[in-house]
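**Student:** Residue numbers (my numbering), protein chains in the order written: chain A, 1 to 117; chain B, 1 to 111.
One thing to keep in mind: the hints can contain errors.
[Unchecked claim] Computed list of lysine-lysine pairs in BS3-like fashion (alpha-carbon distance at most 27 angstroms, straight line):
hint, chain 1, residue 1, chain 2, residue 2
1, A, K15, A, K57
2, A, K11, B, K42
3, B, K68, B, K1
4, B, K1, A, K57
5, A, K15, B, K42
6, B, K42, A, K57
7, A, K57, A, K17
8, A, K57, A, K11
These aren't lab readings, by the way, just hints derived from the structure by calculation.
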Amino acid sequence: GAGVSQSPSNKVTEKGKDVELRCDPISGHTALYWYRQRLGQGLEFLIYFQGNSAPDKSGLPSDRFSAERTGESVSTLTIQRTQQEDSAVYLCASSPGTFAIGGETQYFGPGTRLLVL
Amino acid sequence: KQEVTQIPAALSVPEGENLVLNCSFTDSAIYNLQWFRQDPGKGLTSLLLIQSSQREQTSGRLNASLDKSSGRSTLYIAASQPGDSATYLCAVPNTGNQFYFGTGTSLTVIP
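Excised from the complex, chain A in its bound form (with noise of 0.2 angstroms):
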């Protein structure tokens, strides 16, 4: 079946421009993740959807950060007043299950590489 999408794969933008970035989940998977992942680090934990419970947001870095899931199903992270720190590649994940304690692995997606001028 289809996997993890993500859109756009690549986007350039001019610091303080706003962006909207989409994640399409394996269908039926309740949880979703986001991550961004910056140059030669580690990823890095901004958000967390488990079905229509309220989001897991402590990792979003700040308020210009904002994420959105319709359901279970597409979600969207909007970066407003992108600045050139923002830069990064940003990764989504899904997962069947309700727990990470359980040992339900995540499936994600190939990301977008967002590149703020």
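Chain B: place on chain A using the hints.
**Tutor:** Same frame as chain A, but now just chain B:
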């Protein structure tokens, strides 16, 4: 906050060699640990998952071990092949459903 460290940051070996990648974590109260592979321009692929009650997991030429008390995990790759070239990441979840990832080991297997 959990901190995950991977050593070495980069590794280059000739084809056919056996190799070990290391992962350490500061909070030993983990539920499981996963090893992922990341290929350039692609997302991550899960390789092995070890539950906290397990000592090791094997899949083909890959063997992952876990020592919770010392906060360490190793990924052993036997008879390396050029197709194994990728970045390998380890990750541990916390109770809040956050995954903490290491910075990865970039492996190059030379034909």
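**Student:** Hint by hint, note whether the structure agrees.
**Tutor:** Okay, the hints, checked on the actual structure:
no. : hint          : in the structure
1   : A:K15 - A:K57 : 24 angstroms, holds
2   : A:K11 - B:K42 : 16 angstroms, holds
3   : B:K68 - B:K1  : 17 angstroms, holds
4   : B:K1 - A:K57  : 16 angstroms, holds
5   : A:K15 - B:K42 : 26 angstroms, holds
6   : B:K42 - A:K57 : 25 angstroms, holds
7   : A:K57 - A:K17 : 22 angstroms, holds
8   : A:K57 - A:K11 : 23 angstroms, holds
Of the numbered hints stated above, none is contradicted by the structure.
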